[in-house]
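Participant: Sequence:
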Amino acid sequence: MQTPDLCSALIRLIERDFHFGRHLDVEGKPDPDWLYACLAMAAIGHSQRDRYAAFAAAAIGLLYSDAKAALLLSIELPPAVARLLLDDSISFPQPQTPPQPAAPYTPPDQAPDPVS
Numbered sequence: 001m002q003t004p005d006l007c008s009a010l011i012r013l014i015e016r017d018f019h020f021g022r023h024l025d026v027e028g029k030p031d032p033d034w035l036y037a038c039l040a041m042a043a044i045g046h047s048q049r050d051r052y053a054a055f056a057a058a059a060i061g062l063l064y065s066d067a068k069a070a071l072l073l074s075i076e077l078p079p080a081v082a083r084l085l086l087d088d089s090i091s092f093p094q095p096q097t098p099p100q101p102a103a104p105y106t107p108p109d110q111a112p113d114p115v116s
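Residues 1 to 116 in the UniProt record's numbering are what the sequence shown lists, from first letter to last.
Don't take every hint at face value.
Pairwise CB distance ranges (calculated) [said to hold, decoys possible]: (1) A69 x S8: 31 to 39 Å; (2) L86 x R12: 27 to 35 Å; (3) S91 x A67: 18 to 26 Å; (4) H19 x K68: 19 to 27 Å.
In silico SDA-like pairs for lysine to any residue, Cα to Cα no more than 20 Å straight-line [unchecked claim]: (5) K29 x I90; (6) K29 x L73; (7) K68 x H19; (8) K68 x H46; (9) K29 x S74; (10) K29 x H19; (11) K29 x L63; (12) K29 x L72; (13) K29 x L77.
What the hints contain is simulated information worked out from the structure, not anything from laboratory work. Being a predicted model, the structure only gives us computed values, none of them experimental. All residues carry an ideal CB built from backbone N, CA and C; glycine is no exception.
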């Protein structure tokens, strides 16, 4: 079962961090929170599941052997991710449109009156 708010939050985290290069640490290894968000989106059957599975598979491919083995032993990978890991040419998908900044907060007492 999908929760729209959870899906939206995970998608924003994944896409924003990927766009701004925060999906990798200084050593070029994937950020664990980002990787787990990708795995979650690949597992729940979202309409863009294949995109998030590709993110997860590419990120797992960047892990050191011992970290990769520990991850693969600790969780059951979503089938879409497991299929991609069997492929030799895993890469990150192309970025989508850049995330838009949130509109600045305007307190209700300072909001303009609606036009009648």
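Participant: Does each hint hold? Answer for all of them.
Facilitator: Hint by hint, here is what the structure shows:
1. A69 x S8: 31 to 39 Å: holds (33 Å)
2. L86 x R12: 27 to 35 Å: holds (30 Å)
3. S91 x A67: 18 to 26 Å: For S91 and A67 the Cβ distance comes to about 20 Å; the hint holds.
4. H19 x K68: 19 to 27 Å: With a Cβ separation near 25 Å, H19 and K68 satisfy 19 to 27 Å, so the hint holds.
5. K29 x I90: Measuring from Cα to Cα gives roughly 15 Å; hence the hint holds.
6. K29 x L73: Status holds; Cα separation ~19 Å.
7. K68 x H19: violated (24 Å)
8. K68 x H46: Distance of about 25 Å is beyond 20 Å: violated.
9. K29 x S74: holds (18 Å)
10. K29 x H19: With Cα atoms ~16 Å apart, K29 and H19 stay inside 20 Å; holds.
11. K29 x L63: holds (6 Å)
12. K29 x L72: holds (16 Å)
13. K29 x L77: It holds: about 19 Å lies between the C-alpha atoms, which stays within 20 Å.
When each numbered hint is compared with the structure, violations occur for hints 7, 8.
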